[in-house]
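J.: Below are the chains, spelled out letter by letter.
There are 2 protein chains.
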Amino acid sequence: MYIRTIDWKDNKVRMIDQTKLPQKLVYINIDRLRDLWWAIKIMQVRGAPALGAAAAFGVYLGVKDYSGNDWLGFQRKLKQVARYAASARPTARNLFWGIERACAVALKNNKQPIFKIKQLILAEAKTIMREDMSSCRKIGFYGAKLLKHNNTVLTICNAGILATIDYGTALGVIYAACAQGKKIKVFSCETRPLLQGSRLSAWELYKQGVDVTMIADNTASSLMAEKKVDLVIAGADRIAANGDSANKIGTLNLAILCKYHKIPFYIAAPKSTFDFKINSGSGIKIEMRNAQEVTKILLKKNTAPPGVKVLNTAFDVTAHQLISAIITDKGIIRPPYIKNIRRILGE
Amino acid sequence: MYIRTIDWKDNKVRMIDQTKLPQKLVYINIDRLRDLWWAIKIMQVRGAPALGAAAAFGVYLGVKDYSGNDWLGFQRKLKQVARYAASARPTARNLFWGIERACAVALKNNKQPIFKIKQLILAEAKTIMREDMSSCRKIGFYGAKLLKHNNTVLTICNAGILATIDYGTALGVIYAACAQGKKIKVFSCETRPLLQGSRLSAWELYKQGVDVTMIADNTASSLMAEKKVDLVIAGADRIAANGDSANKIGTLNLAILCKYHKIPFYIAAPKSTFDFKINSGSGIKIEMRNAQEVTKILLKKNTAPPGVKVLNTAFDVTAHQLISAIITDKGIIRPPYIKNIRRILGE
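So the protein sequences, as listed, match chains A and B. Per our numbering: the first sequence = residues 1 to 347. Per our numbering: the second sequence = residues 1 to 347.
Honestly, the hints are just simulated from the structure, not real lab data.
Listed below are the simulated EDC-like cross-link pairs for lysine to aspartate or glutamate, each with C-alpha atoms no more than 20 Å apart in a straight line:
1. A/K309 / B/E226
2. A/K277 / A/E347
3. A/K259 / A/E226
4. A/K309 / B/D230
5. A/K138 / A/D166
6. A/K185 / A/D230
7. A/K285 / B/E226
8. A/K296 / B/E293
9. A/K262 / A/D230
10. A/K309 / B/D211
11. A/K330 / A/E347
12. B/K309 / A/D211
13. A/K228 / B/E287
14. A/K116 / A/D10
15. B/K126 / B/D65
16. B/K228 / A/E287
17. A/K330 / A/E131
18. A/K185 / A/E226
19. B/K296 / A/E293
20. B/K285 / A/E226
21. B/K126 / B/D166
22. A/K183 / A/D230
23. B/K309 / A/E226
24. A/K227 / B/E287
25. B/K309 / A/D230
26. B/K9 / B/E131
27. B/K227 / A/E287
Hey, can you work out the whole structure from these sequences and the hints?
T.: The structure is reproduced here in structure tokens:
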């Protein structure tokens, strides 16, 4: 079954409303930046690579109705749009990268008429989308080498089709291995608080015919102790120059459990998720989200006494020492990371 | 605020229906064994020490209407009642221990008239209840020595008032430290799938005026990495002769995270939770529960696609090597466990 998370149709961003899954597969069409900002904020669209494309389309939506013909005025508008788009969420590197690419193409073509610059921004957003489709397949190609026939993979959150345009990073590796005829079993951690592992990963793996079993996050260590997990693959929202990787809260737990149980722990992410300006994980801004995501499951029913304090940290940072390898669209990066990240990614 | 989880009133077991918390504090009155069996099964009452008392009352409820006057007939009935009561849940040692105590008192007094034996069984159940109130306070007394002023404790599931008669084991240690004037902060892991950490522990700690913050289970490692947790205390459902401890799924995760982050990890449990017939954790039967506890949060709304496989392991086993000490009603037990468990518990 072909699923497309995000697309450009009839001058609108067309995307799956991920807050409605797994109950309903609903598409929404967005033609205003503020609607896109909100869709990112409440996670109708999420996942670092998908956010890269969404943000670039967002820049186009933000400037498309600019009525002036002067570069300086347009540039002011562009900066304002970029700042606003970047304020939707703080952690994923790709969001900023998508905005930067859209702005860079404008700056590079600032002698062109404004209508032409707008077209170039839209074209750049489409390019980002196409590049993601290709780079996810490269991640799959490289990563599949790490998976053997009959392996069982444990994963967290959703680094799949729904986190990218149409293929996935961590789950892309699984899809690629399955396409090679390898039999792969997957455990999907449900990923509290927002349950991307059960609502999204279990949904798409099931639709793709992959043998998936969902578990409460707490079950990971007991499975490992019973030797039922061969490796863990997770996505990333931002990777520092030394390999420290921010990803959904709970990823650090898994990396430590892997170290204890002597199981390989892999991160899968495209080059666009790397932030070469940040030396280590301590420089990564971690999003804190609404307490109600924890106290009311799917914002419906109270699961905790009213008034109780809640800490809803959305991401954690896995130190590079805990990462066996980083699977990228340019190849598999192994320690020592500072050297090998620069060598393989060519930065 | 005084909260009493389980009591004997008007010839009935009166207990809090824990499935209704934190929304409502509702008491139920039970005078038939099959209703008690069901209450244990669906976890209206849960927590190893509370199950010990509930099971002993259950034996009384099961035999109280036996109309014969002969010991042999009564003994057959008693065995049948004991087998049925023991089938409610498999992991907590105290459930079986409560049944064994009720049966032992009958056997010891088998020359007495049947009506007298019934009275003695009821008296034994009340004794178990009183002993639990006392032993939890002893656990609190010993354990409070491990807590310093301004310490932050992380805990999982509910090993508090609601898991015992009226005081708690792991949370009893916190209550005792607070009563000594120490300022203690608590992080309560929500404890998926059934959310005993948010529904029950956060509820009772909040009612008792303890500074509690609830977190998704996934957040534990990130808090430890930020040095925001001084120690972890968990309860236990069954402890083998070597100290291996079965407790709510996710406890093993925390023990491994503690080892990695160099934080003490304590188990708090009464002597009645120890199973001297089992040499190590591999001998402990682990309960597997209904998949819907994971896929429908609080059995209401689907959080995973229909048809997806689910593994709902209810407990895990923490190897004794990961446990800094076991806090019991007889004192604090430190490694080497095989020797010290027998020495301190006198078995």
